[in-house]
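Starting from the known structure of chain A, fit chain B onto it as the hints suggest.
The primary structure of each chain is shown beneath.
There are 2 protein chains.
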Amino acid sequence: MQNHLVLTASVEREEVLRYTPAGLPVLEMWLRHHSKQNEAGFERDVTCEIQAVLIGKQAPLHAGKLAGNTVALTGFLSQRSLKNPRLVLHIEHVEFVKG
Amino acid sequence: MQNHLVLTASVEREEVLRYTPAGLPVLEMWLRHHSKQNEAGFERDVTCEIQAVLIGKQAPLHAGKLAGNTVALTGFLSQRSLKNPRLVLHIEHVEFVKG
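Residue numbers (our numbering), protein chains in the order written: chain A, 187 to 285; chain B, 187 to 285.
Pulled out of the complex, with its shape left as it was, chain A reads as follows (with noise of 0.2 Å):
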């Protein structure tokens, strides 16, 4: 079953580095997109705004400096928890995007 999100985004905020109690590292930050897509012939523009949170070893690399950047993230929707269905984007890789 696929679930690969492919999106450009800014930083808005970042959250401080926290630890799961089974001491695995969690950044979690919210990202902003705008672009504009073609639908049915038409050019759109596109905004949208999305919790995003990245877990393991990339995210101390990460913590502090990606606020205010725009990045190229990879990854697959989640929601939240069982009770808030809240989508969330779990970042498997991350990248800066220059300018």
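Just so you know, the hints here were simulated from the structure itself, not pulled from any lab data.
Yeah, the Cβ is synthetic: ideal placement off N, Cα and C, and Gly gets one too.
Just so you know, not all the hints are guaranteed correct.
What the hints assert, rightly or not - Label-pair ranges, simulated between beta-carbon atoms:
#: 1; chain 1: A; residue 1: His190; chain 2: B; residue 2: Tyr205; range: 31 to 37 Å
#: 2; chain 1: B; residue 1: Glu235; chain 2: A; residue 2: Trp216; range: 18 to 24 Å
#: 3; chain 1: B; residue 1: Ala208; chain 2: A; residue 2: His220; range: 21 to 27 Å
#: 4; chain 1: B; residue 1: Gln237; chain 2: A; residue 2: Lys251; range: 29 to 35 Å
What the hints assert, rightly or not - Cross-link-like lysine to aspartate or glutamate pairs, in silico, DMTMM-like; alpha carbons within 25 Å at most:
#: 5; chain 1: B; residue 1: Lys251; chain 2: A; residue 2: Glu225
#: 6; chain 1: B; residue 1: Lys243; chain 2: A; residue 2: Glu229
#: 7; chain 1: A; residue 1: Lys222; chain 2: B; residue 2: Glu278
#: 8; chain 1: B; residue 1: Lys269; chain 2: A; residue 2: Glu229
#: 9; chain 1: B; residue 1: Lys222; chain 2: A; residue 2: Glu278
#: 10; chain 1: A; residue 1: Lys269; chain 2: B; residue 2: Asp231
#: 11; chain 1: A; residue 1: Lys269; chain 2: B; residue 2: Glu235
#: 12; chain 1: A; residue 1: Lys269; chain 2: A; residue 2: Glu214
#: 13; chain 1: A; residue 1: Lys251; chain 2: B; residue 2: Glu225
#: 14; chain 1: B; residue 1: Lys269; chain 2: A; residue 2: Glu225
#: 15; chain 1: B; residue 1: Lys243; chain 2: A; residue 2: Asp231
#: 16; chain 1: B; residue 1: Lys269; chain 2: A; residue 2: Asp231
#: 17; chain 1: A; residue 1: Lys269; chain 2: B; residue 2: Glu198
#: 18; chain 1: B; residue 1: Lys243; chain 2: A; residue 2: Glu225
Below, chain B alone, put in the same frame as chain A:
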């Protein structure tokens, strides 16, 4: 700016086909995705529900035929409206998944 989602999901609910004031056909639906994904070296259960919309000439072709089926979709994410930040998948391509 990239914004591309590849998702396999079951169509939980499908709205009746409608038309915009400009005459564009619109098919709205609710999707449910469930899979196992790898994150930080662990396999985790991933679930998400997302609203999706198919706009344009594909819409009448699929109207009334998607509910209850598993489909493979590609498209982009947009917030529902200026005032409603809920994420909606704008479908660019849909295929039935057998079994």
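Results for each hint:
Separation of His190/A from Tyr205/B is about 32 Å and conforms to the stated range, judged on CB atoms against 31 to 37 Å. Roughly 21 Å separates the CB atoms of Glu235/B and Trp216/A, a value that falls within the hinted 18 to 24 Å. Between Ala208/B and His220/A, the C-beta spacing of about 24 Å keeps the proposed range 21 to 27 Å intact. Distance hint check: the CB atoms of Gln237/B and Lys251/A are about 34 Å apart, consistent with the given range 29 to 35 Å.
For a cut-off of 25 Å, the pair hint linking Lys251/B to Glu225/A stands: about 21 Å separates their Cα positions. A hinted pair counts as satisfied when its Cα atoms are at most 25 Å apart, and Lys243/B with Glu229/A qualifies at roughly 16 Å. Taken as a hint, the Lys222/A and Glu278/B pair is honoured in the structure, with Cα atoms around 14 Å apart against an allowance of 25 Å. For the given pair, Lys269/B sits about 20 Å from Glu229/A by alpha-carbon distance, which is consistent with the 25 Å threshold.
Restraint check for Lys222/B and Glu278/A: the C-alpha separation of about 14 Å stays at or below 25 Å, so the hint holds. A C-alpha spacing of about 15 Å is found between Lys269/A and Asp231/B, which places the hinted pair at or below 25 Å, so the restraint holds. Under the criterion of a C-alpha separation no larger than 25 Å, the hint pairing Lys269/A with Glu235/B is consistent with the structure, at around 12 Å. Proposed proximity of Lys269/A and Glu214/A is supported: the alpha carbons are some 19 Å apart, at most 25 Å.
Restraint check for Lys251/A and Glu225/B: the C-alpha separation of about 21 Å stays at or below 25 Å, so the hint holds. Simply put, Lys269/B and Glu225/A have alpha-carbon atoms about 21 Å apart, close enough for the 25 Å limit, and the pair holds. For the given pair, Lys243/B sits about 20 Å from Asp231/A by alpha-carbon distance, which is consistent with the 25 Å threshold. Of the pairs offered as hints, the one joining Lys269/B and Asp231/A holds, with about 15 Å between alpha carbons and a cut-off of 25 Å not exceeded.
At roughly 18 Å between alpha-carbon atoms, Lys269/A and Glu198/B fall within 25 Å of each other, so this suggested pair holds. Taking the CA atoms of Lys243/B and Glu225/A, the gap is about 11 Å. The hint holds against a cut of 25 Å.
When held up to the earlier numbered hints, the structure conflicts with none and fits them all.
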